[in-house]
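**Student:** Given chain A, work out where chains B and C should sit, using these hints.
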Amino acid sequence: MDDLTRAVEAALFAADAPLSPEELSRHLNGAAVDEALAQLTAHYAGRGIELVMRGGRWHFQTAPDLAHLLRREKEDVRRLSRAATEALAIIAYHEPVSRAEIEAIRGVQTARGTLDVLMEAGWVRVAGRREVPGRPTIYATTPAFLAHFGLESRRDLPGIDELRAAGLLDPVEDVFASLMEDEAEAEAGDALAGSGGEERDEIL
Amino acid sequence: MDDLTRAVEAALFAADAPLSPEELSRHLNGAAVDEALAQLTAHYAGRGIELVMRGGRWHFQTAPDLAHLLRREKEDVRRLSRAATEALAIIAYHEPVSRAEIEAIRGVQTARGTLDVLMEAGWVRVAGRREVPGRPTIYATTPAFLAHFGLESRRDLPGIDELRAAGLLDPVEDVFASLMEDEAEAEAGDALAGSGGEERDEIL
Amino acid sequence: MPPVSAALILPEADPAWEAPPATQRKDEALHLELEGWEGPLDLLLDLARRQKVDLRTISILDLVDQYLGFIEQAQTLRLELAADYLVMAAWLAYLKSLLLLPRDPEQQPSPEELALKLQLRLQRLGAMREAGARLMARDRLGRDVFARLSPEGLRTDRHVTWQCDLFGLIEAYGQIKVRTAPVVHMVRERPVMTLEAAIARIAVMLGAAVEWTDLASFLPPRGTSLAQDPRLARSALASSFVAALELAKQGRAEIAQEACFGPLLLRKARG
Numbered sequence: 004m005d006d007l008t009r010a011v012e013a014a015l016f017a018a019d020a021p022l023s024p025e026e027l028s029r030h031l032n033g034a035a036v037d038e039a040l041a042q043l044t045a046h047y048a049g050r051g052i053e054l055v056m057r058g059g060r061w062h063f064q065t066a067p068d069l070a071h072l073l074r075r076e077k078e079d080v081r082r083l084s085r086a087a088t089e090a091l092a093i094i095a096y097h098e099p100v101s102r103a104e105i106e107a108i109r110g111v112q113t114a115r116g117t118l119d120v121l122m123e124a125g126w127v128r129v130a131g132r133r134e135v136p137g138r139p140t141i142y143a144t145t146p147a148f149l150a151h152f153g154l155e156s157r158r159d160l161p162g163i164d165e166l167r168a169a170g171l172l173d174p175v176e177d178v179f180a181s182l183m184e185d186e187a188e189a190e191a192g193d194a195l196a197g198s199g200g201e202e203r204d205e206i207l
Numbered sequence: 004m005d006d007l008t009r010a011v012e013a014a015l016f017a018a019d020a021p022l023s024p025e026e027l028s029r030h031l032n033g034a035a036v037d038e039a040l041a042q043l044t045a046h047y048a049g050r051g052i053e054l055v056m057r058g059g060r061w062h063f064q065t066a067p068d069l070a071h072l073l074r075r076e077k078e079d080v081r082r083l084s085r086a087a088t089e090a091l092a093i094i095a096y097h098e099p100v101s102r103a104e105i106e107a108i109r110g111v112q113t114a115r116g117t118l119d120v121l122m123e124a125g126w127v128r129v130a131g132r133r134e135v136p137g138r139p140t141i142y143a144t145t146p147a148f149l150a151h152f153g154l155e156s157r158r159d160l161p162g163i164d165e166l167r168a169a170g171l172l173d174p175v176e177d178v179f180a181s182l183m184e185d186e187a188e189a190e191a192g193d194a195l196a197g198s199g200g201e202e203r204d205e206i207l
Numbered sequence: 002m003p004p005v006s007a008a009l010i011l012p013e014a015d016p017a018w019e020a021p022p023a024t025q026r027k028d029e030a031l032h033l034e035l036e037g038w039e040g041p042l043d044l045l046l047d048l049a050r051r052q053k054v055d056l057r058t059i060s061i062l063d064l065v066d067q068y069l070g071f072i073e074q075a076q077t078l079r080l081e082l083a084a085d086y087l088v089m090a091a092w093l094a095y096l097k098s099l100l101l102l103p104r105d106p107e108q109q110p111s112p113e114e115l116a117l118k119l120q121l122r123l124q125r126l127g128a129m130r131e132a133g134a135r136l137m138a139r140d141r142l143g144r145d146v147f148a149r150l151s152p153e154g155l156r157t158d159r160h161v162t163w164q165c166d167l168f169g170l171i172e173a174y175g176q177i178k179v180r181t182a183p184v185v186h187m188v189r190e191r192p193v194m195t196l197e198a199a200i201a202r203i204a205v206m207l208g209a210a211v212e213w214t215d216l217a218s219f220l221p222p223r224g225t226s227l228a229q230d231p232r233l234a235r236s237a238l239a240s241s242f243v244a245a246l247e248l249a250k251q252g253r254a255e256i257a258q259e260a261c262f263g264p265l266l267l268r269k270a271r272g
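Protein chains in written order, with this note's numbering: chain A, 4 to 207; chain B, 4 to 207; chain C, 2 to 272.
Next up, chain A with everything else stripped away, as it sits in the complex:
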């Protein structure tokens, strides 16, 4: 490789912007650079870097087929939060539902980000608007949701009866209350503890 070609190579590499042949030439004491540019273009063809001309100016760039290397994807696996899981379940069982309806069913407010997360995950989509005052956005599940959860269709979701049979509808509070009663019995004779236990029963 002759010195001029080396110089052109180095100048293009270190330049802060694409250079026209004239600018290059000025940099290199007026040398004719066309031949060097042609040589370099040929030399870099098929490599990881290529020399290209855009709008009359030359610059090095990463080979287009390797552009994906410059942006590495890194996957973070994160567990869906409790709130998001609940929202997703409500959408799955009741779709299409509006945000207000989800909140009504959950009994708590649903943060804006929660639905965003579900849509980002690809499990929930906007399914239009409900034709009621305010025209709220309504949400539904996607085919990706069915695929992820291994469901043929939404009909595969267990019904209320099945949930009950699986013990999933047993109120947690019942278990709690029976525990409290046991405790009250254990402390029988102690008036304060006894009354405390009773109060708890009532609150629950």
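Bear in mind the hints are in silico, worked out from the structure with no lab data behind them.
Because the structure is a prediction, the values reported are computed rather than measured.
For glycine and all other residues, C-beta sits at the position ideal for the given N, C-alpha and C.
Please note that a few of the clues may not be correct.
To list a few chain B residues with every Cβ distance to chain A over 12 Å, as calculated [unchecked claim]:
id	residue
1	D6
2	A13
3	D37
4	E38
5	T65
6	H97
7	E106
8	R133
9	T140
10	P146
11	S156
12	L160
13	L172
14	V178
Within a straight-line C-alpha distance of at most 20 Å, the following computed EDC-like cross-link-like pairs (lysine to aspartate or glutamate) qualify [unchecked claim]:
id	chain 1	residue 1	chain 2	residue 2
15	C	K178	A	E104
16	A	K77	C	D47
17	C	K250	C	E197
18	C	K178	A	D159
19	C	K118	B	E104
20	A	K77	B	E26
21	C	K118	B	E106
22	A	K77	C	D158
23	C	K118	C	D63
24	C	K178	A	E76
25	C	K118	B	D173
26	C	K118	B	D185
27	C	K178	A	E165
**Tutor:** Showing chains B and C alone in chain A's frame:
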């Protein structure tokens, strides 16, 4: 040129900082990059751009002999003051060193700003504290120092082997003590030792 | 700048200084280089270097002479001298006198030792100045060699994969159903003494109590079935207290308490 080599070439070309083989490999889905680095280094030898390793990290830079063509009009590199240059040399050849040790070698106080300038330049970093009374801060050089001065590692510091062999990197007190011992031994054999000055010249 | 290797390669022992430089050159150097001098060692080193002599072979005595000569001349030129220079000058003058005067064997450390230390320090500083100069003369990134000025950069896009399984989903739904199911409150029957019962009981018992009587003695006596249930006992106490207040309000009883948390005393209203 195989795909991996092309990919390494492209990644190094696009990177905005020198990359260690580990970082490169992580970007390229864990591929082993050593072979590709060796190939590329050989390929670029003698061209206008070269692939170099500085402090374990790789980057492309222009060939040094083309400096006269590429030097930009405005001098980007500010001239380091003599005090700062000496401090930098002392840190590089003795690292890690405390400020007091730098001052002991220079024989003058080192202005507070001097070390700041070196740290701002990214060439010197705080490397912890020495576990002696007062726990003084100690300083060492950075990978950017090696990159800036074109050193593969500290072993490439100009003349470091000769300096070490000549004892010029050892503290004055240590050298002095060993010289005194030698002299004492010499005197033990020869009660009528000549003038100390001459003898020392020989020893040195 | 002398050859880089001057301080690194052992030269043939050079017995002495070269002849001192011409006065005219000295003046020139003085004016030109004064700004570069930072302190005593620096100046000594510079003086040593201008002799082009290896630091290991210089005569400290000659060096001291030159240093003191410089200080003297600088003073006649009315140059401002840093305190460091003067302290060093004083120290060197002392060192010189020690080197010249008859030896005092008790002197610790000996003048030769002091001179040796000075020599060693000068050597080390000299070596570092050489090293610094060689570093600065290297092909430096951004001055002699160049990296790409505005590279694309390598980016890492973080992509979150959310995890949730079918059981988690169904369980969550079950929880919602349970949580939001209509709640029916059931109050269990419990043994109480009603206020009416307490008023009736106390009103009857009060008829016999002319003197102050503790409220406690109006309660069903311990040992009775009524008092065995602690919850009923508490209910009886509360109801009896309210009943006493009610009776007092109606003017049928008087209440007194002699101390905080003392026993509540009750008697039939007089008149």
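**Student:** Taking the hints in turn, state whether each one holds.
**Tutor:** Status of each hint after checking the structure:
| no. | hint | in the structure |
| --- | --- | --- |
| 1 | D6 | 9 Å, violated |
| 2 | A13 | 4 Å, violated |
| 3 | D37 | 17 Å, holds |
| 4 | E38 | 15 Å, holds |
| 5 | T65 | 4 Å, violated |
| 6 | H97 | 34 Å, holds |
| 7 | E106 | 39 Å, holds |
| 8 | R133 | 39 Å, holds |
| 9 | T140 | 36 Å, holds |
| 10 | P146 | 21 Å, holds |
| 11 | S156 | 25 Å, holds |
| 12 | L160 | 26 Å, holds |
| 13 | L172 | 36 Å, holds |
| 14 | V178 | 45 Å, holds |
| 15 | C:K178 x A:E104 | 14 Å, holds |
| 16 | A:K77 x C:D47 | 59 Å, violated |
| 17 | C:K250 x C:E197 | 15 Å, holds |
| 18 | C:K178 x A:D159 | 18 Å, holds |
| 19 | C:K118 x B:E104 | 16 Å, holds |
| 20 | A:K77 x B:E26 | 14 Å, holds |
| 21 | C:K118 x B:E106 | 15 Å, holds |
| 22 | A:K77 x C:D158 | 6 Å, holds |
| 23 | C:K118 x C:D63 | 16 Å, holds |
| 24 | C:K178 x A:E76 | 39 Å, violated |
| 25 | C:K118 x B:D173 | 13 Å, holds |
| 26 | C:K118 x B:D185 | 15 Å, holds |
| 27 | C:K178 x A:E165 | 13 Å, holds |
The structure fails to meet hints 1, 2, 5, 16 and 24 from the earlier list, while all remaining hints are met.
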